[in-house]
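4 protein chains.
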Amino acid sequence: MNTFGRLFRVHIFGESHGESVGVVIDGCPAGLSVDETLLLPDLERRKGGIQKGTTPRKEEDVPLFKSGIFNGKTTGAPIALFFENKNTRSEDYTTQRNIPRPGHADFVANKKFGGYEDYRGGGHFSARLTTGLVAAGSIAKKIINHCSIEAHVIEIAGESDPDKGLQKAIDAKDSVGGIIECLVNNLPIGLGEPFFDSVESLLAHALFSIPAVKGVEFGSGFSAARMFGSEHNDAIVDANGTTKSNHAGGINGGITNGNELVFRIAIKPASSTPKQQESLNWETNTVETFSIKGRHDLCVALRAPVIVEALTAIVLADLFLLEQQTQHRYTD
Amino acid sequence: MNTFGRLFRVHIFGESHGESVGVVIDGCPAGLSVDETLLLPDLERRKGGIQKGTTPRKEEDVPLFKSGIFNGKTTGAPIALFFENKNTRSEDYTTQRNIPRPGHADFVANKKFGGYEDYRGGGHFSARLTTGLVAAGSIAKKIINHCSIEAHVIEIAGESDPDKGLQKAIDAKDSVGGIIECLVNNLPIGLGEPFFDSVESLLAHALFSIPAVKGVEFGSGFSAARMFGSEHNDAIVDANGTTKSNHAGGINGGITNGNELVFRIAIKPASSTPKQQESLNWETNTVETFSIKGRHDLCVALRAPVIVEALTAIVLADLFLLEQQTQHRYTD
Amino acid sequence: MNTFGRLFRVHIFGESHGESVGVVIDGCPAGLSVDETLLLPDLERRKGGIQKGTTPRKEEDVPLFKSGIFNGKTTGAPIALFFENKNTRSEDYTTQRNIPRPGHADFVANKKFGGYEDYRGGGHFSARLTTGLVAAGSIAKKIINHCSIEAHVIEIAGESDPDKGLQKAIDAKDSVGGIIECLVNNLPIGLGEPFFDSVESLLAHALFSIPAVKGVEFGSGFSAARMFGSEHNDAIVDANGTTKSNHAGGINGGITNGNELVFRIAIKPASSTPKQQESLNWETNTVETFSIKGRHDLCVALRAPVIVEALTAIVLADLFLLEQQTQHRYTD
Amino acid sequence: MNTFGRLFRVHIFGESHGESVGVVIDGCPAGLSVDETLLLPDLERRKGGIQKGTTPRKEEDVPLFKSGIFNGKTTGAPIALFFENKNTRSEDYTTQRNIPRPGHADFVANKKFGGYEDYRGGGHFSARLTTGLVAAGSIAKKIINHCSIEAHVIEIAGESDPDKGLQKAIDAKDSVGGIIECLVNNLPIGLGEPFFDSVESLLAHALFSIPAVKGVEFGSGFSAARMFGSEHNDAIVDANGTTKSNHAGGINGGITNGNELVFRIAIKPASSTPKQQESLNWETNTVETFSIKGRHDLCVALRAPVIVEALTAIVLADLFLLEQQTQHRYTD
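Protein chains in written order, with our numbering: chain A, 94 to 425; chain B, 94 to 425; chain C, 94 to 425; chain D, 94 to 425.
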């Protein structure tokens, strides 16, 4: 359940206020240079406490390598990485235990795990788990280092200028959402499969595992629903498959077509808004007004691009490794 | 690659103009009444040639049961089903072989499979493969027969009245896209997992395997990106987890919360438009003007709701079976 | 549950006395020549009614190709194959329904599937299901056609001369068991993984899925338990990894070492012996003496070598495809 | 590749002389009491340095819980466990780097991983990795705590008295092999599936992942090959499926039949014998006489029973969780 990938496989674990979060990466080819300096730049982008509008909780996020690296290179064995949780304030959550926070997983976790869930700061449901994913993404990027993967915020609170959107949040003392766009270039033709292993299926699977994602669209996306076919179709203009337009977003029939891969992700406003809210107190069985304690992001979308890139890299690295086998042409 | 599901598993096969399409369904519990009459109503909804705006190719789509049913009941063994292709006109495709159709998989299939692909009518990439999925969906619906699953067209060519939207296509002699909404009621609380096996991840994975889907959004979807947190959060109002609003679309932390499951899918206009188009002739290496032969839908979205329901049922039946194990509570 | 393989995947279905048995093969590379003439020689070896001591039930076993082949070549899409059951006599089994046959799955199938199982001739548990495996094996052999795979009977009823062993069965009017040995040559170094994907793990997994297999051993096998380390170790004598002896059976640390792969399989005597037996009549709840009706093998081991070869080829073809990805060396 | 299980899933990682070994256990139900005291008894049984004939390398093997436990109970989230490697002497291995040790994975690992493998003490191939498996096994045993699982040595160096067998090793100054038998009682009827998910397939898969295992047999095993059918068949004598004899070893058609589960495993003599051996020096390309440095077991079979129990528990716990779903009976 906490595993993704067929050949390049990531297993995540950990809790927001437990001892650590981490990841085991299996199926990584041998011989890649992997150390702390490879991982830190992406980890830094994910961190709170740096950008305006992100949580003041600031973790060091130093990756502790536990296996799979020898003399600075991957060995082909699983790479176990963990990150200690140091800057935790669990008491914030214990006092609020009786009121499941709206928008969060508190209520469903309690029902599903029979009250045994670690409820502190969302426990295993926390976006802090994405730390391991970002680290895995940095390693995955090495496998497909001939490609560029770039995700960026294209809208915050309805504003194309992120600063303006964030200012709305600050003014309203409320959390806001946003939209991320991701572009991948230099992909080979032929990654993915028709139907269940389509590039869209695999990417959407991975992207919807990011907390707060509410929508995913490829190429022209939802606006395609309002176009004519003659308008939407991308004319192929050369033997490399270059197309005149790119409404397809770089994918046909589930398979990369060599053009730029384009997709967008909708991120809802953080559930932990500073505003007063209502929810059920399940001890007293009454609806109460309360406000959320703890340190939180006004806009989680600001920290999301590097997570989007990481999951994209994980999916594409896996497809890239899978594709090696079909490169072997059979003649008989 | 042509397999989906963990416990309730579907394996699809076939080609548009080959001998047949079909599905093997593994992991279906024993004792369900399954026969032709169970499957025909959904198969009928998927068919072309009935609704205005759909392809004149009309297949009988009689399910041929090859295994897994005994005395009218499922046995617990795999159910093999196939559907003969009778109404094929392969010659339409052979003549067009040199020009990969824009929006279709012709170009990428040729590159990926080295020219060995069955190119007739899209071959294995054809939406005709969804026949098996619809049949599997009808069986999956039996497993979760306490739930209602209803998908319907909410927009065609930008019009909320599907007839008006289709008229646009007829007037323009061009294909058009649309938006499907799916609602599921009476789901138990607790299906799905945080992260990779979130309900959103699994549904999006399945839904993006439907040809022509360009976007998937849950609950408030892309519009969530423009809301404040205090506005988006759904206040819990009773011990069953009922929420005042349903921006979450029935899912928190990847897990069903007992409220209505809501999602929408964007369908692009059919790539096979009657309009003249340009594409590369890879024999002559020149860009040519051509128009697509064959019998096609003006709006594939019209036939999509039953396919959306089928994949939804397949995902939810699987999650439902998976959840049985966690119902066993441990005390020690 | 009826699926095996990671990249080269086989899905089996069918029942002994239902309409058909078959297999869907997914992940087969495009461009292989596959037709009836490829499959018939191995299917012929599996058949009853030809060799002395095998069942008089004689099926034609003509493979019906339903998908995945175009112009005589694999397309990269799933290959669906069916075999019709023609020569069935279900009435033999209905009369015996109340007495679960010792050694067979009748009792457990009834408990597990709540009475819904197809009980005729063992239903889905029948060795007739291996028809699809043998067909898949013939295709798998094409992927690794640089290797030779040869399984043969090395012992029947304790006799190294199979004829002498079979004569024992005929004389005793009782079924007998046997031992099969399989040798694979020209394997590359490096297939398999340490631990769970060791060549031994994967082969044993596949081989124990053959009905009647009671033991699997590699290289020196059980006799290794009585050897000294200095005696058992295989000295490496050249840079290709050639070893002086081959007690390891061609595998070290779960990985092929380039020497001959050697393993043996113990096959129990057919449960359907002509002798009178005792078992419970679950209608009357009394232990009864009865004898088994139907047409059966005196020694199933005689038909097993081609099945052993098929599963071996399926495992090795999958590992061979998997290994292509690690052949890509990374330098950075 | 380093993952086993469908619902109860274990992911192992680590190296013999790296920083640590460990395991992530996913899919463990919430609410089980799990702490150090649960794990230590089995870990103690696996340790070297205690029993005569086992390696003098003595690790503390204290499990470090990193996630998945809260207030002493499992939470339903992945359980990450680490064991530090403290008592390492890597220099023993560096000096011997040029001579791949016979019987070990040195040669194949070097070929497969292109020289990037951690070669110290077998690296990732080391039996030290079974520490994590033993810990996972102790947790798995809790899930099936109504069953008893007992593995014991039944033969060392051909002697049924283990002390006598070990004395042979001491006298010969050579390593020796042995046979382990495992018995499981109180299993429910109905675990496992026909064919690929047979109990034999899954157990053999798991058991052959233990380093040094050369053979696995169930019930009468290899001796079944020399029996008549009338002799081998186990007559069912009551409605619970109790059989008069148990040649089947508790499994019919791949499914547990409610009788005692019985199987045996052949363990080869440790490859690291104190005796002088020959192997290729791949630097000089000459065959050299050498003896193995480092601290080693004279008989690894002595430490194997608890590992066999652990893998058995892991397989059975997974099957037990899977079976919960089929317990749900459908009537329509």
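Misleading hints may appear alongside valid ones.
Because identical chains cannot be distinguished in the list, a pair is counted as satisfied if it fits within a single copy or across any two copies.
[Claimed, not checked] Here are the simulated lysine-lysine pairs, DSSO-like style, with alpha carbons at most 27 Å apart:
| id | residue 1 | residue 2 |
| --- | --- | --- |
| 1 | K261 | K204 |
| 2 | K235 | K266 |
| 3 | K266 | K337 |
| 4 | K337 | K140 |
| 5 | K145 | K235 |
| 6 | K204 | K140 |
| 7 | K257 | K204 |
| 8 | K145 | K204 |
| 9 | K151 | K257 |
| 10 | K266 | K204 |
| 11 | K337 | K368 |
I should point out that these hints are in silico values taken from the structure, not numbers from a laboratory.
Computed from a predicted structure; not experimentally measured.
| Identical-chain pair category, K337 with K368, by Cα at 27 Å | Classified as between: cross-chain Cα gap 17 Å, same-chain 48 Å, threshold 27 Å.
ask   = Between copies, within a copy, both or neither: which fits K204 and K140 at Cα up to 27 Å?
value = neither (31 Å within a copy, 40 Å between copies)
Between K257 and K204, at a C-alpha cutoff of 27 Å, which is it: within one copy, between copies, both, or neither? Neither. Shortest intra-copy (40 Å) and inter-copy (46 Å) distances fail the 27 Å Cα cut-off.
- Message: Cα distance capped at 27 Å. Does K235 pair with K266 within a copy, between copies, both, or neither?
- Response: neither (41 Å within a copy, 48 Å between copies)
Open item on the list: At most 27 Å between CA atoms: does that hold for K266 and K204 within a copy, between copies, both, or neither?
Closed with: Close neither inside one copy (32 Å) nor across copies (53 Å); limit 27 Å.
inquiry  = Within a copy, between copies, both or neither: which one fits K145 and K204 at a CA-CA cutoff of 27 Å?
reply    = neither (36 Å within a copy, 47 Å between copies)
* Homo-oligomer pair classification [K337, K266; C-alpha up to 27 Å] -> between (45 Å within a copy, 22 Å between copies)
Since the copies are identical, ignore which copy is meant and state whether K261 and K204 lie within 27 Å (CA to CA) inside a copy, between copies, both or neither.
neither (36 Å within a copy, 49 Å between copies)
- Message: For K151 and K257, with the copy left unspecified, which applies at a CA distance of at most 27 Å: within, between, both, or neither?
- Response: within (24 Å within a copy, 55 Å between copies)
Check your understanding: Should K145 paired with K235 be assigned to within, between, both, or neither, using CA atoms and 27 Å as the limit?
Key -> So K145 and K235 fail the 27 Å test inside a copy (30 Å) and across (48 Å) alike.
Exercise for review: Please work out whether the CA atoms of K337 and K140 approach to 27 Å or closer within one copy, between two copies, in both situations, or in neither?
Suggested key: neither (39 Å within a copy, 34 Å between copies)
When each numbered hint is compared with the structure, violations occur for hints 1, 2, 4, 5, 6, 7, 8 and 10.
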